[in-house]
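All chains, full assembly: derive it from the sequences and hints.
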Amino acid sequence: YFRDIGRSASYAANISAGYMASLAAGKILLGILYDRFGAQKATLFTLTALLLTHLSLVLVHIPGAIAVVIACSGPGAAFATVALPEISKQSFGNRDYNSFTGVINGFCNAGGALSPSIFGIIRDCSGSYLSGFTAAIFIPAASGILLLSLISRPSAKEA
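Residue numbers (the working numbering): 267 to 425.
One or more of the hints may lead you astray.
[Claimed, not checked] In silico DSS-like pairs for lysine-lysine, Cα to Cα no more than 30 Å straight-line: (1) K293 x K307; (2) K355 x K293; (3) K307 x K355.
Please keep in mind that the hints were generated in silico from the structure rather than gathered at the bench.
Rendered as structure tokens:
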């Protein structure tokens with residue numbers, strides 16, 4: 267994407283390195299947030315970070331947007347590995363935890379497998395990744411509605 271918008275390969279590589287550092291820090295941060303604030307607030311934070319990442323990628327020409335991309339992409343990308351097991355545990359309890367987590371992870375992995383192809387098709391059709399990032403702004407919003415409704419329902423351990 268950064269090469270497409272006229273940036274050098276070394277610039278794109280530095281952004282990638284910043285993303286990886288943010289991802290490492292994001293995993294730790296999410297663990298702390300889920301422990302201290304619970305699933306609803308931490309999920310809202312994480313999905314907001316993901317939404318800001320996609321919005322900043324669309325607005326990358328604005329000074330400072332790339333800093334938002336790097337800062338927010340880590341917590342956003344860490345969502346699948348940190349948040350989903352926590353949401354599964356809170357929503358369904360410890361009974362059948364492995365089954366529910368496996369199903370949730372299966373859907374996430376399917377999305378992760380299909381997303382690059384979908385983005386590639388969008389890029390091929392439009393000539394830019396910008397359309398894909400614009401569409402991706404709405405994914406965290408839709409995910410948030412679904413996940414927050416799942417989290418707010420009584421869990422299996424309460425039923």
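The hints, checked one at a time:
no., hint, verdict
1, K293 x K307, "holds (16 Å)"
2, K355 x K293, "holds (18 Å)"
3, K307 x K355, "holds (16 Å)"
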